[in-house]
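Taking the hints as your guide, dock the two standalone chains into a single complex.
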Amino acid sequence: MSRLHEPSWRRYLTFWRPTVDRDLDAELRFHFDERVADLVARGRTQAEARVEAEREFGDREEYRERIREIDHRVQARRDRAEWLESVKTDVRLAVRGMRRAPALSAMVVVTLALGIGANGAIFSMIDRIYLRPPPGVAAPEQLRRFYGYYESRPPMPGFTRSSFNYPEFADIQASLGNDRPIAAFGTTALRLGTDDGAPEASVADVVGDYFGMLGVRPWRGRFFAPQELAIDAPTLAVVVSHRFWNRALGGDTSVIGKDVQLGRRKFRVIGIAPPGFDGVDLSAVDIWRPANSSSTGSGRSWYASRNTSRLQILARVNDPVYERVLVHDANNGLHRAVDDRLAAKTTISVGPILASRGPGNDSKESSIALRLSGVTLMVLLIAVANVANLLLTRAILRRREIAVRVALGVSRGRLAAQLITESGVLAITAGLVALVTATWGAVAIRTLLLPDIQWPDSPLDMRLGAFTLAVALLAGGLASILPFVRSGTLDVASTIRGGATQGGQARSKVRAALIVTQAALSVVLLSGAALFLRSLEAVSRLDLGYDVAGVVTASFSSGARVIPFSDRSRALVAVRERVGRIPGVHTAALANIGPMAGLATERMFFPGRDSLPTLPSGPPTFTSVSPEFFRAAGITIRAGRAFSDLDRDGSSRVMIVNETMARFIWRKPNPLGECVHIETAASPCTTVVGVSEDVRRDKVIEEPMLQFYLPLAQAPLWAREPGTLVIGAEPAAVARIRNEVRVIMTQTLPGSSAEITSLAESIAPQYRPWRIGARLFAVFGALALLVAAIGIYSAIGYAVTQRTHELGVRLALGAQRSAIGTMVIGSGLRLVGAGIALGIAASLVLSRLIESLLYATDARDPVVLAGVSVVLLLATIAAAAVPAWRATRLDPVKTLRAE
Amino acid sequence: MTTSELDLLQGTLDLLVLKALSWGANHGYGVARFIREGSAQSFRIQDGALYTSLHRMEERGWVESFWGTSDRGKRAKFYRLTTPGRRALRAEQAGWEQYVAAVAGVIALRPEGATA
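Chain order of the listed sequences is A and B. First residue of the first sequence? That's 1 in this note's numbering, and the numbers climb one at a time after it. First residue of the second sequence? That's 1 in this note's numbering, and the numbers climb one at a time after it.
Keep in mind the hints are simulated off the structure, nothing from the lab. By construction, the Cβ of each residue, glycine as well, lies at the ideal position given by its N, Cα and C atoms. Hints are not guaranteed to be accurate.
[Unchecked claim] Which chain A residues face chain B? A few, computed with CB under 7 Å, are given here: (1) E27; (2) F30; (3) H31; (4) E34; (5) F57; (6) Y63; (7) R66; (8) I67; (9) I70; (10) V74.
Just chain B, same shape as in the assembly (with noise of 0.2 Å):
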């Protein structure tokens, strides 16, 4: 079925969900799929956290949402970035990187006299 499946924490979804629709606007089931094939299969998706995220950052003003028909002709809801949600990307992104590289140096860090 599915090799380990990571826990993604609450916080990164956002930025990957906004990531997503940085390439265009999408329906929740599109999102979802891109992070799954982003992340080779590895992250897990919930998708009430997905959901969730999806409507808090429209409270928030990231996204809008629109009624649209998908690609099979069916009813759906896609959603679209925000001229302040792409702020937000930046930023979230900006912010992860930081937090990559801080762990990075962390673990590389090598005190004075100490054998690997």
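Bound conformation, chain A alone (with noise of 0.2 Å):
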């Protein structure tokens, strides 16, 4: 078959095939011309010599295939060759050039791990709580906790619980049936031993097979039996945390097997859960019991009670039509309860096991953090700014070499390649460094915004280190692209050549921009610090009622031997005694609760009314107190008089009702000699003596509450015996009255558990949304101020060096020094003014976002902005400064020379 005489237009095809085969053409076609002229000397005619050639060629087509398949092969081993020689060229040349510029390596290095850093931080943060599945738990996706919500009568709004007792899982899981098996758990905290200075032990109780459905195999020993965890016979039995294991008990296996103290009483290790397990919740579990051994105290059956719910709820489900089912059953259960209104009137539903992604969850703490996310991505955006500003003048001070590279015959694409392995070298060593300021940045952010969680581990993982080096590799990118992209071009050579002492009309205005973004941001940011710092100082000027810096409560509780509560409160009443002469205690009163620690209510009866009046946040609410307890706890009594001992039991009943009950109800501030009905409605009367300032009942910010005080003397028997001792002290003294306070507890009472605390120790985590906000934007703030200040220090700079022929010739043309100084800083203002317009405006846009985590500040407040803009301005003229300084000391002369 012939195939050499191809038509001729088929020649033309080995244009477009690749090389490897048209190299594989020309050699056989070498070949075969050489065969024919052979022939043809040998006496044959052409056409003979090419006839027989070509027979004894053969058929073609068979090898061609097979040795086209080798060529390709070898050309693409050759190429991979070539290209990681390249690669490494570059990478050697990146290199060497951080290292002839050394400090602006380092500078471009650290702007970038700072802001790849922060990110980082804030990633670990919301990667735990959001997005981070419970390890060591098999497929969750699957599993569901059981929310329950309440709908209360209007006006009051409902609620979501997380968490339910006992019988209302024994319902539910009646109805499911033995093939739906429920679990649940409840943590509490206990000490390793009796005495107050044993450690505590994180301690979740089992209910259900626990371990079972989270797909938990036990690594040493066994996990608990379905008898061990039947309701009703105690099983003294644990299983440990790896971590717990390692830790507390010595990574010893034999430990299996012996007993471990919780609280007053020994339980015995039957298993060690698998390294990397610590339960579905953000806090590490250490310990694993079963429900069965906890116990409340009081000694009656807990699990019983509909009053105590600490129990969360898991199941399993594998499809969509499976959990309805689920859920629809779970409430037929629960409805069951008919008696019980709670339990009647709560509709349950599932969500994710993550608790953050639960219904009702949105805490002031997660919205910050969810918040600080878009302040990092600010901060990181005016890195990059910053570092591409940076490499921009580097590439533009390197433009004699890059000249002599594109002269020497290097094409626009290789030129980028380096460009883009320089920047990837920076990149990743920005990165290693970013993983380090990630991580201190991430226990930073865990130890200010959730202290109480007991972390499992650090927050250097393969996500965190992932996310860091995309990051890293994305901002590096971008930082060296965006100088270059000339009105949607790439343009490397030209921008560079084009670049320098023409003024370079493109590039500056990428600087410029460059430089106005930077401004706009460090606006935003800092005015976000401001109001959160004003926001911080309006809370803490807020008037709770109480004297909170000089006030101390005190109660007992049950230590190494179980105390009936009885003679717990006879207790306090000695205790009471000898504090009150502790120097520095101005008074020593009794309450069956401490301020701001719970509430207690009891049926009432208003006289000519039929229902009970209620407000938005609740009916009234009482304390029951000894007479001293308003002068103890500073509370101010505003019409009438306080309790005294006269109002005892026997004589007539006397109770104090606070400022916003008066108006309430009785609607005036003086409602003395008013009658009301307590505890039932033939009740003899109580009457009003007093009128109390408002204090705070729960929270420091809330809503005006109905609350009202009666002597512990008169008031319902079960609110009778006093509970907490309020001491009122001279708030110098505190701290070595609580540690009177304790020796005189102990002493009055050993055996018992004494529980001192300051009012104000108690009630300052609530403060600690504002002050955390404040205190990370102001971190930010001033870091994105610090980051600005040095891309305007070094865009000043440069364009000065650049216009050195300029100022020299302005000089020799007779301007004053003083002149070209208020010149160069001018443009730098104009340039920053500019920044300012814009952050002002994006500030006054954004506002909306943080308006609900503020408290009594205008989020668009004007003297926060024009303070802002001010603060930055003073910075750019302090970063202008020595640039300008230097201009003002050109020698015209010089100048003139050099050029």
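Below, the structure is given as structure tokens:
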């Protein structure tokens, strides 16, 4: 078959075939032509020679394919080796470039590392809270938590709870049947011993096949057997976590079968959970025990009571239909308890296993965390803009080197490749440093934002590493490419060449844009910081009603031995005598519950009304107190009198109401003498003898509440025994007084545990969100300012260097040196001014996002914006000062000569 | 035309090609001619087999190719031996000589008490 007489048009196709094929064709053609020539030399005619040569050639197609494959393989190998070589060369060049300009490289790396690290830190927090499923659990996406939405009577809002009591659990499980098991757990903290100094462990009480549902298998030993989990047969056995086993039990496997002390009792260790498994909450669990072994201390079977709801219920679902049916049947089971109003009006829903993603979870901390991610993104953008400017500066300073390279024949593609490698090396270096800053930052954020959680491990893990690297490459890439994007095209060589002395319009526009962006973002961040600081200040100045600084509360709880409540109460009375005599204490009083520590209600009947007056914040609540209580807590009596010793059991009943109650119920500030029936409608009148100022009941910021007080001696029986000692003292002496009180308490009631707190300490957590917001925004704002200032400094410094010639001419023509300096600073201020204007506009737009987090502060406060602008302008002047000073020092003769 | 032409075993073709190139770089046609002349026209060289051999040995790293000009002034692909190729040639040659000696040994063997 003749293939040699190709139609001539096919010859043109060779241009489009890959080189490998073309080479092979050429090689074979040469061989054919040589053979023909040889045959002709031996006497054949051309035609004969061709025929014979063709016959000898054989069927080309057969082997051509094979050879082509071989050649392609060889070529691919060669290409790979070549590419690797060029990458190695580029990396070597990049490293050498970095070493030649160490200050600039360091600044670039540090700036990027700070920006990337900040994002890494926030990502780590958000990842742990919202994204990462609990480790060690099988198929976490199938697990569900139960939530109950309780519909209150309007106008009281409903609320969602995630904790249930045991009877509710039992009802639900009964409704679901044995083939749809659910499990539950409740966490608590227990001391590993009886004395106060013993360390605490986080303990989870387990109901149902908890481990089986989560798909966790024992690492050593075993987990609970079904009979050990039966609710009415206490089993003193525990499973310990791997971490706890290492930390507190010495990492010795022989501990299985031995006992560990929890509180007053000894539990046998039967197994160790696998490494990495710490329960399904954010906070790590150390020890699991069957719920049947927990006790409330009062001896009653806790599991029959509907008053303690501390079980979180879990289920596993594998498809949406199953889930719907499960929820429906669970609701049926729950509503069977028609006599319990809480259960009857609760609707169950299920949510993902991550508690933060469930319904009703919008804590202040998590909203701050989310907004912080926006903040760190801004910081990163500032850093990127800064680095872009720095890199552009460096590229322009190297223009001679670039020009030589281009002259030697380096293609635009290679130039771009070299640039990309440089940015890659920088980015990876910055990314590695960022891992360190991200870890530190994450630890700092954990401590600030969520200090109560026992974090199981370091924030540095594979996910953070991957995220940091990805962000590093993105940021580094952006920073390198940005300066060279000119109206949509990427033009490295001409951008660099066209820069410099001619003024480089496009290039300086890019720099200007970068500076303006930095300034705008700094304005936004700094104003955020200022707003949070103002909120914090406003909140700190709130009058809570109490004399917060001087109030200390103390109460007894069971320690080494179980002490019944009445004994503890009596001991408290005895302690009050002695405490009253401590120097520094001006009053010691008793109450059934301490200030802002809880509430009590009782049935009340108002003559002339047929229903209980209720505010949106709830019905009236009371505290039963001893006469000195108001002085101890610093509560002013606005009208009438405080209680006295004459208000005893048997004498006429009295009560003191707060201002809100007076206004709301009797519509006059002075309802002295009004009558209220407490406990039953037929009880004797309790007369209002005084009106107290409003105080906070639960939270630092709350709606007005209806509150009243009863003397301990006249309170309903269940509220008559004092539970807390309320001490009013001089603020400076609080620390000393706490220690003395502790001594007195342990002496009075041996075997007990004394809990002493100052009021300031117990409410401090409520200020936390604002404190954290202020601190974090301030840190990031300062960071942004620093980065922006560096950017301005380098930009103006470079501009001065560029304009040396021009400035020299001006000086030679008679310009004042001071005018030169002013001109330089003025150019910087103009740019920053534009940025400030942009930043203010952005702040006004974004203000809506943080409005909900502020207190008594207008998110668009003009004073704040003006203040921030002034700060930024001052920073600009400071940053531009040095280059401006250098400009004034120019010697016109030298500069003109140098050109 | 040709006297009876022997078919060349594929394995020995590599040896002959290597030997041809050991005298200096050459193009495919030159190698074919060398083998044909060396074997006094006995071996019939299938060009497909020749070029398969050359390209395979290039992949193995025994020869390397480059484009040059033939003595007639035409552009041709030349091959030359690499250092590993030289080592391979020595090994193949030694192997061949062993093979030849073994075959000759068996053929020359005279069993006890038998007549030729």
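The hints, checked one at a time:
no.	hint	result
1	E27	5 Å, holds
2	F30	5 Å, holds
3	H31	5 Å, holds
4	E34	4 Å, holds
5	F57	6 Å, holds
6	Y63	3 Å, holds
7	R66	6 Å, holds
8	I67	5 Å, holds
9	I70	5 Å, holds
10	V74	5 Å, holds
Figure legend: structure checked against the earlier numbered hints; every hint is met.
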